[in-house]
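Please model the complete structure; the sequences and the hints are all you need to start from.
Read off the chains here:
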Amino acid sequence: MRHVYGWLLLLPAAVLLIGFTHYPAAATLLDSLFSSGTVVRPSRFVGVDNYAALADDPIFTQVLWNNFWFALGTIPASIALAMLMAIWVNDRLAARTLVRMAYFTPTILPMIAVANIWLFFYTPQIGLLDQLGALFGAPSHNWLGDPHTVMGCLVAMTIWKEAGFFMIFYLAALQSLPPELEEAAKIEGASRWYFFRRVTFPLLMPTTLFVLVNATINSFKLVDHLFILTKGGPNNASNLLLYYIYQVAFSFFDTSYAATLTVILLLLLATLALVQFQLIEKRVHYR
Amino acid sequence: MKRLLALLLTGMLLGASPARADTELTFYYPIAVGGPLTKVIDGLARQFEKEHPGIKVNPIYAGNYDDARIKALAALKAGQPAQISVLFSIDLYELLEQDVILPWDDIATSADDKDWLKAFYPALMANGTYKGKVYGIPFQRSTIVLYWNKDAFKEAGLDPERPPANWNEMTQMAAKLVKKDASGNVQRWGVMVPSTGYAYWMFQAFARQNGHDLMNKEGNRTNYAHPDVIAALQYWRDLGAKHKVMPEGTIEWGTLRQAFTEGKTAMMWHTTGNLTAVKDTAKFPFGVAMLPASKQRGSPTGGGNFYIFKKTTPEERNAALAFVKWMTTPERAADWSIATGYVATRPGAYETAKLKEYTAGFPQAVVARDQFNFATPELSTFQTGRVRKLLDDAIQASLTGQKAPADALKAAQQEAERLLKPYR
Amino acid sequence: MNAGRALETAAAWLLAFLWIAPLLYAFWAAFHPAALATHFDPLAPLTLDNFRKAWTYAPFARHLLNTMILVTMILSAQLVLCTLAGFAFARFDFAGHDIAFGLVLVQLMVMPEVLIVENYRTMARLGLVDTILGIGLPYMASAFGIFLLRQTFKTIPRELEEAARVEGCSMLGVLWRVYVPLARPTYLAYALVSVSYHWNNFLWPLVITNSVNTRPLTVGLAIFGAPESGVDWAVISAGTLMAVAPLLVAFLLFQKQFMQSFMQAGIK
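Residue numbers (the working numbering), protein chains in the order written: chain A, 1 to 287; chain B, 1 to 424; chain C, 1 to 268.
Each hint should be verified, as a subset may be incorrect.
Derived DSS-like pairs: lysine-lysine, alpha-carbon spacing no greater than 30 Å straight-line [as the list claims (entries may be wrong)]:
1. B:Lys244 with B:Lys279
2. C:Lys53 with A:Lys221
3. B:Lys242 with B:Lys403
4. B:Lys56 with B:Lys325
5. B:Lys242 with B:Lys114
6. B:Lys242 with B:Lys133
7. B:Lys325 with B:Lys131
8. B:Lys39 with B:Lys325
9. A:Lys231 with B:Lys77
10. B:Lys39 with C:Lys256
11. B:Lys150 with B:Lys50
12. B:Lys356 with B:Lys279
13. B:Lys39 with B:Lys56
14. A:Lys231 with B:Lys39
15. A:Lys231 with C:Lys256
16. B:Lys403 with A:Lys231
17. B:Lys50 with B:Lys356
18. A:Lys231 with B:Lys279
19. C:Lys53 with B:Lys56
20. B:Lys279 with C:Lys53
21. B:Lys133 with B:Lys325
22. A:Lys231 with B:Lys421
23. B:Lys354 with B:Lys56
24. B:Lys310 with B:Lys131
25. B:Lys77 with B:Lys244
26. B:Lys131 with A:Lys231
27. C:Lys256 with B:Lys354
28. B:Lys39 with B:Lys242
29. A:Lys231 with B:Lys242
30. C:Lys53 with B:Lys50
31. B:Lys410 with A:Lys221
32. B:Lys176 with B:Lys150
33. A:Lys231 with B:Lys325
34. B:Lys150 with B:Lys354
35. B:Lys150 with B:Lys244
36. B:Lys50 with B:Lys354
37. C:Lys53 with B:Lys283
In case anyone wonders, no lab produced these hints; they're calculated from the structure.
Shown next as structure tokens:
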């Protein structure tokens, strides 16, 4: 009887989950094995042709690299900053509430609003960054229009948005640390840096791993800003996988190729899930 | 518990009612110029309804051209009503391939209707015609024009009433117009041509001026790698890289107008759709000229046409015809042109009293129309999204110095060939 | 306070200032005439013109209503569905519950917006394209919510359940009378996280909505900021501020609760 009850309770949620997560994932896989159909040329089974096309697609390769650099640029920096912010806020810092609010506010803003604001910073000549630079005699630079700087600019903006969010997790972890540790360290004359390096940082490791995985998943999901800032340009220098999927599906109407790309994205996310499972489960039990 | 349930139910009910109103004609349209133009369209719709009882019009603002295409097609695929839409003139082949549009010839059958079909500028009909049938009725159309800052010209010792007539003049004048500060940083550039957003559109102008169009009439062949076309891209690149009269890298479409009105560039190439906005915000006298020539003058046309969809009943089709004819009378074409800066789509509009008066006081407004003599249809082919993106990417790659123009264009042409061959 | 500490405090303040500066800048641009958006003159006159203009360019009031309906709808459904599912996982050892839980957790990685193409098709088949229900439906069964509530319910002592049973409560009665009240802090925390997330969600609403009647604030803001003829900074700033104002104000008033919620959610 317990079994029936259990499944009944789960049923509504299960229906929705299957309908919008598991079923579409399977359907996408199936879709990727067919060609896109239009009314004039109907769809047909093509097996792994679409996957072969991936290898020939320079934009696909570019997009994967971009996702990689984007993750590499945003994740370590936001985690480091988040840890720093949490430590500062956790201390008896003057004006601590205001400081904490300042760090966390970007998290409350939608990415679209953030992009609108930062588009202005990066505009050449009349934008804020160039105007500040002009005060110091620096020449104007086409920040978003230069393939060498566009990624850096997007990374900076993303760190600004995300660091405060991760700070919260570190704050929670810090507050659960026993205060005796710090007192003991003080008695033994350890410097604050030493204490941080040998005690705090290792104790924060579970949080760090959790934040790491979270941040990586986010880096695949976060493409809102591209709609406002660069639309993936210049020449795909800032294009990301999920945005490319959107372009292929809704601008080119090539649903099968979009499905193929989505399968790749799913594989990447699945790999991350496995990594998280292995790493975190083991580490947490270690402590 | 009760309150929670009530809240939930209300939420679901409110949410489940679709966005359809009880109307006969639903149409998606893009706004391509900033401003309260949704109000203008709504006002026009209400006025039409008053004059034509029995027809209701439901205009839906869809964003920019890309959004409007995506939304209209998505609505059709999802079985939602949409009888007409203002879409990019170049969406023609996509719409044909999806088999969703009707030629207006099939509906505009009376003698009066046929006269109406002939009343528009031929240059504007080119993009909307396929195999002799008219699929798109011009509504908000534009060409690219050269805006120039007369005060800046005076300052640089140039005649403020004489814009550059050809590429050489433009390069030379731009060089004189570049202003640097004490530390050698550029305060004002000579000319700016935007290369994000609609880079291919701007490039069509360069190519046409150098003697070549980028695609054929059937929409199944592109011309990206012709030597004249490569030379045109090289010229564009040289403006920034060699002559240093333009910033290197891509120039943002959205912020260019503001850069011009703030005096950061003395000349700009931009859509005539910006005319009213520039007029309202520029604090200096400015001129509007046809684009400079190389072997000839040239500019692509741009903008949106009215399309009518296949999934319509005979009553809806008649209503749609009445509505579109009403929206494109000379009087209304004149009104729309004045409000937005777009070109009025038919010669008759320029004969109306109000447009005559307007252009007498603001002669910049007719430059775009005069350029029709040198106009070429906007880039449009089958697989149009991909084919255009190939060109956009090639242009951006060249302007940022990542690839030489010849390499970039040849690669783009190869890909485009692969995509278009099945259509021949 | 020694020099090292003072330096650290200064650094923390500097970072805080850098962090809040962009938003302050948007405020500056929105309240000053357009010409001053790119120049910084501290004594310049304030104006509400930009807000007036932005208000006419896009139907913010409608977008606000849509967003409020959307987050309320999603949250209500989530509370019900996740409570039931969380209860099932916490207290019922039904056959296959391990696998089921694993499958639930998949959604933590694979969110509906990753599968936009297929989910769009499903919505089209259900006739829910361009409806607010269509925006919310994929999110109503939230793996995160189920997970949180399962953890919370597990910590509630069995004796309480037994006591209620003795008094003749049905199973759902026990859920309603014992578990739900005791999980109130979790519900509150979850509510804040869910509202923040869905208020700011963009990609899926963009794909599924076509018209003004259903677009939430984020999509309205994106369309508003992207006309072909170019952007006007001051007006964009004003529009952006109007779009973020509700959530921002709520956050400023209830800072502590917001942060506690995210922290609680994080610990679990």
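Hints, verified against the model:
1. B:Lys244 with B:Lys279: holds, 28 Å
2. C:Lys53 with A:Lys221: violated, 33 Å
3. B:Lys242 with B:Lys403: The given pair, whose Cα atoms are some 15 Å apart, holds under the 30 Å limit.
4. B:Lys56 with B:Lys325: holds, 16 Å
5. B:Lys242 with B:Lys114: violated, 52 Å
6. B:Lys242 with B:Lys133: violated, 46 Å
7. B:Lys325 with B:Lys131: holds, 23 Å
8. B:Lys39 with B:Lys325: holds, 20 Å
9. A:Lys231 with B:Lys77: holds, 25 Å
10. B:Lys39 with C:Lys256: Violated, at roughly 43 Å.
11. B:Lys150 with B:Lys50: violated, 46 Å
12. B:Lys356 with B:Lys279: holds, 18 Å
13. B:Lys39 with B:Lys56: holds, 17 Å
14. A:Lys231 with B:Lys39: The given pair, whose Cα atoms are some 28 Å apart, holds under the 30 Å limit.
15. A:Lys231 with C:Lys256: Roughly 37 Å between the alpha carbons, so the hint for A:Lys231 and C:Lys256 is violated.
16. B:Lys403 with A:Lys231: holds, 20 Å
17. B:Lys50 with B:Lys356: Holds, at roughly 28 Å.
18. A:Lys231 with B:Lys279: holds, 29 Å
19. C:Lys53 with B:Lys56: holds, 29 Å
20. B:Lys279 with C:Lys53: holds, 17 Å
21. B:Lys133 with B:Lys325: holds, 17 Å
22. A:Lys231 with B:Lys421: Status holds; Cα separation ~28 Å.
23. B:Lys354 with B:Lys56: holds, 29 Å
24. B:Lys310 with B:Lys131: Satisfied, since the Cα-Cα distance of roughly 18 Å is no more than 30 Å.
25. B:Lys77 with B:Lys244: The given pair, whose Cα atoms are some 49 Å apart, is violated under the 30 Å limit.
26. B:Lys131 with A:Lys231: Judged against 30 Å, a Cα distance of about 34 Å means the pair is violated.
27. C:Lys256 with B:Lys354: violated, 61 Å
28. B:Lys39 with B:Lys242: violated, 46 Å
29. A:Lys231 with B:Lys242: holds, 28 Å
30. C:Lys53 with B:Lys50: Within the cut-off at roughly 28 Å; holds.
31. B:Lys410 with A:Lys221: violated, 34 Å
32. B:Lys176 with B:Lys150: Holds, at roughly 14 Å.
33. A:Lys231 with B:Lys325: Judged against 30 Å, a Cα distance of about 36 Å means the pair is violated.
34. B:Lys150 with B:Lys354: holds, 27 Å
35. B:Lys150 with B:Lys244: Given that 30 Å is the threshold and the Cα spacing comes to 21 Å, the pair holds.
36. B:Lys50 with B:Lys354: holds, 23 Å
37. C:Lys53 with B:Lys283: holds, 20 Å
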